[in-house]
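Q: Below, each chain spelled out in residue letters.
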Amino acid sequence: MAAMAILTASDEAAVRTEFERLGPHPVKLTVFSQELVAGDLCRQNEQLVREVAGLSDRISVEVLNPAIDRERAAAYGVDLVPAIAVEGARDYGIRFFGVPLGYEFTNLVDSIIVASTGEPALEEETKTALGGLARPVHIQVFSTPT
Amino acid sequence: MRLAQHMAVAAKDVRADCIEAGEFPELAQRYGVMAVPKVVINDRVEFEGALPEREFLEAVLRAAGAGPEQAA
Numbered sequence: 001m002a003a004m005a006i007l008t009a010s011d012e013a014a015v016r017t018e019f020e021r022l023g024p025h026p027v028k029l030t031v032f033s034q035e036l037v038a039g040d041l042c043r044q045n046e047q048l049v050r051e052v053a054g055l056s057d058r059i060s061v062e063v064l065n066p067a068i069d070r071e072r073a074a075a076y077g078v079d080l081v082p083a084i085a086v087e088g089a090r091d092y093g094i095r096f097f098g099v100p101l102g103y104e105f106t107n108l109v110d111s112i113i114v115a116s117t118g119e120p121a122l123e124e125e126t127k128t129a130l131g132g133l134a135r136p137v138h139i140q141v142f143s144t145p146t
Numbered sequence: 147m148r149l150a151q152h153m154a155v156a157a158k159d160v161r162a163d164c165i166e167a168g169e170f171p172e173l174a175q176r177y178g179v180m181a182v183p184k185v186v187i188n189d190r191v192e193f194e195g196a197l198p199e200r201e202f203l204e205a206v207l208r209a210a211g212a213g214p215e216q217a218a
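Those sequence lines, one after another, are chains A and B.
The opening residue of the first sequence carries number 1 in the numbering used here; numbering runs sequentially from there.
The opening residue of the second sequence carries number 147 in the numbering used here; numbering runs sequentially from there.
A couple of the hints might just be wrong.
List of simulated lysine-lysine pairs, DSBU-like, C-alpha gap at most 30 Å [stated by the list, open to error]: (1) Lys127(A) with Lys28(A); (2) Lys158(B) with Lys28(A); (3) Lys158(B) with Lys127(A).
Since the hints were derived computationally from the structure, they do not count as laboratory data.
All chains, full assembly: derive it from the sequences and hints.
A: Written out as structure tokens, the structure reads:
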């Protein structure tokens with residue numbers, strides 16, 4: 001039985017409009033799913049990603065199971081499910097943990113676009129400062145769907 | 147919090163995780179998430195609410211500073 005679509009027709013139309021801003025690089029969304037850990041959420045997450053990827057032929061999807069694809073999941077630094085890695089010309093280190101609905105969905109779409117353009121919407125001053133970081137930076141943003 | 151992801155694209159040493167707090171209560175508890183959005187950088191700098199780009203950058207630079215790691 002096919003699951004009901006998560007995105008409404010108007011969601012899809014809005015995302016298609018956003019995707020007109022996609023840049024030159026194809027985007028790969030790697031989905032991390034583990035049925036035994038969080039089956040419902042992982043299925044929902046995977047479905048959402050496939051619906052989004054279906055809105056552009058520039059977006060591909062791969063699903064990994066961290067319990068089976070251990071080395072690759074570790075290389076992505078993913079130890080929780082459901083999760084998504086957003087990659088463009090390179091792996092920029094963008095990860096989503098949990099199903100990105102609501103506000104986080106906007107962030108996912110925006111992340112796909114910036115991964116494909118490779119051009120962050122930041123002040124020159126910010127980019128210069130980030131180029132001279134003394135050590136790696138791990139930013140964790142906690143949010144909720146509403 | 148699109149600044150975090152844009153910073154990740156700008157610099158290869160920056161990683162940006164967006165975490166759905168409700169789905170990972172243990173992680174949210176470990177970082178004392180009482181309100182969202184809450185941002186934690188390198189486990190040493192944290193703030194609640196959205197910051198303008200300049201202040202967000204200052205927090206990132208503080209977290210990446212050469213000083214000793216703060217005790218948890």
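Q: Against each hint, give a clear statement of whether it holds in the structure.
A: To see whether the hints hold, each was checked on the structure:
1. Lys127(A) with Lys28(A): The given pair, whose Cα atoms are some 24 Å apart, holds under the 30 Å limit.
2. Lys158(B) with Lys28(A): Between lysine 158(B) and lysine 28(A) the Cα gap is close to 17 Å, so the pair holds against 30 Å.
3. Lys158(B) with Lys127(A): holds, 11 Å
In this structure, every one of the numbered hints holds.
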